[in-house]
Amino acid sequence: MLALLSDYGSLRLIWWVLLGVLLIGFAVTDGFDLGVGALLPFVARTDIERRLAIHTVSATWEGNQVWLVLGGGAIFAAWPALYALSFSGFYLAMFLVLFALILRPVAFKYRSKNESPAWRARWDAALFVGGAVPALIFGVAVGNVLQGVPFHFTDDLRPIYGGTLFGLLNPLALLCGGLSVAMLVAHGAAWLAFKAEGPVAERARAIGGRAALATAALFALGGLLVWAGAFGGYRVVTALPGDGPSNPLAKEVVTEAGAWLANFRAHPALALVPLLGILAPLLAMMGFRARREGLTLLASKLGIACIIATVGLAMFPVILPSSTHPGHALTVFDASSSRATLRNMLIATVVFLPIILAYTAWVYRVLWGKVSERDITAPGSPAY
Numbered sequence: 010m011l012a013l014l015s016d017y018g019s020l021r022l023i024w025w026v027l028l029g030v031l032l033i034g035f036a037v038t039d040g041f042d043l044g045v046g047a048l049l050p051f052v053a054r055t056d057i058e059r060r061l062a063i064h065t066v067s068a069t070w071e072g073n074q075v076w077l078v079l080g081g082g083a084i085f086a087a088w089p090a091l092y093a094l095s096f097s098g099f100y101l102a103m104f105l106v107l108f109a110l111i112l113r114p115v116a117f118k119y120r121s122k123n124e125s126p127a128w129r130a131r132w133d134a135a136l137f138v139g140g141a142v143p144a145l146i147f148g149v150a151v152g153n154v155l156q157g158v159p160f161h162f163t164d165d166l167r168p169i170y171g172g173t174l175f176g177l178l179n180p181l182a183l184l185c186g187g188l189s190v191a192m193l194v195a196h197g198a199a200w201l202a203f204k205a206e207g208p209v210a211e212r213a214r215a216i217g218g219r220a221a222l223a224t225a226a227l228f229a230l231g232g233l234l235v236w237a238g239a240f241g242g243y244r245v246v247t248a249l250p251g252d253g254p255s256n257p258l259a260k261e262v263v264t265e266a267g268a269w270l271a272n273f274r275a276h277p278a279l280a281l282v283p284l285l286g287i288l289a290p291l292l293a294m295m296g297f298r299a300r301r302e303g304l305t306l307l308a309s310k311l312g313i314a315c316i317i318a319t320v321g322l323a324m325f326p327v328i329l330p331s332s333t334h335p336g337h338a339l340t341v342f343d344a345s346s347s348r349a350t351l352r353n354m355l356i357a358t359v360v361f362l363p364i365i366l367a368y369t370a371w372v373y374r375v376l377w378g379k380v381s382e383r384d385i386t387a388p389g390s391p392a393y
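The opening position of the sequence shown corresponds to residue 10 in this note's numbering, with each subsequent residue numbered one higher.
Since the hints were derived computationally from the structure, they do not count as laboratory data.
Only a predicted model underlies this, so the values are computations on that prediction, with no experimental measurement involved.
Beta carbons are placed, not taken as given, at the ideal position from N, Cα and C, and that holds for glycine.
Be careful, since some hints might not be right.
[Said to hold, decoys possible] Now the in silico label distances, taken between C-beta atoms and shown as ranges:
#	residue 1	residue 2	range
1	A271	K122	16 to 22 Å
2	P114	A271	38 to 44 Å
3	A299	S347	26 to 32 Å
4	E211	L249	48 to 54 Å
5	R54	P254	58 to 64 Å
6	A127	L249	55 to 61 Å
7	L230	G18	54 to 60 Å
8	R219	D56	46 to 52 Å
9	L107	T163	24 to 30 Å
Put together the whole structure using the sequences plus the hints.
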């Protein structure tokens, strides 16, 4: 452990892994909250059914957002150049995400303050926006990262971004956005099938099976496009010493078709990850049909984890490529914070992350079980 804390290259690798863990943690926890919001108009037709669907996530959505906060904090502290470029370059897109995420808690709190159907319908629409918009934009962002983002650094390492909001809406990015929406809709449906009863669960099973099939198909299509060289990847030509300085300008990077497959060719065992990214959603689809709620939810989580991990493994060691100046791409080994920062953050993470995991597990254990209409209509019910 002491050796890891003193080795700069190891610290950088550990934080690359931890960043992936935090992003996956957000997707598999808050992901079903987003999916439930996106599904709300389609699985619930009456006010009681909508309240039932909302109540399946009402007690946990705030805690699940901790993973998003942790992920953003990790990027800010461990990869400051990545934070500066992604949050400034994707500023308008991130603003839309934050606007949608802010709508969600307001809708949760206010929809039942007034019994007017029009009032509640407007807040239900806000919940749909709060679920569907972030799911779409997160996928679009990943699609643009895979293609490269138009940025470069000045001689004094000041980042300059040259893109626009509408420039993000290209075919591959929209494909990734569609994949993200299908993935989280399937995940939300798996959660509703697991937690809800009655017509809401039945409709969720029907929609979830189709969304899971779409997830597998879109992910496989994306893999075929990469394999066919429909768009180029990025390959670092210069050797990157693990303990080198954080200077993104001190290397050479080239673009070439199939570069995102290089790590899988070099380490064939890694191909199991994208393979599971296809098979797990198909398993979830079969779980929906067989009414195996627990298996379906686990398969959905596995699929999400493998799809996100596939992106990280394909790009390594690159974390943000530049489409206009490939040599300015950010990598794991030249875009991190100092050794001391990474070391101190790792110590704090080792202490506090298990506490967060234990508390989260305890909360889900306490709230175990299905939600029924009786829980919604009972006197003194805390349901929204």
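Verification of the supplied hints:
no., hint, result
1, A271 / K122: 16 to 22 Å, "55 Å, violated"
2, P114 / A271: 38 to 44 Å, "43 Å, holds"
3, A299 / S347: 26 to 32 Å, "52 Å, violated"
4, E211 / L249: 48 to 54 Å, "53 Å, holds"
5, R54 / P254: 58 to 64 Å, "60 Å, holds"
6, A127 / L249: 55 to 61 Å, "59 Å, holds"
7, L230 / G18: 54 to 60 Å, "36 Å, violated"
8, R219 / D56: 46 to 52 Å, "26 Å, violated"
9, L107 / T163: 24 to 30 Å, "28 Å, holds"
Comparing the model with each numbered hint stated earlier shows that hints 1, 3, 7 and 8 do not hold.
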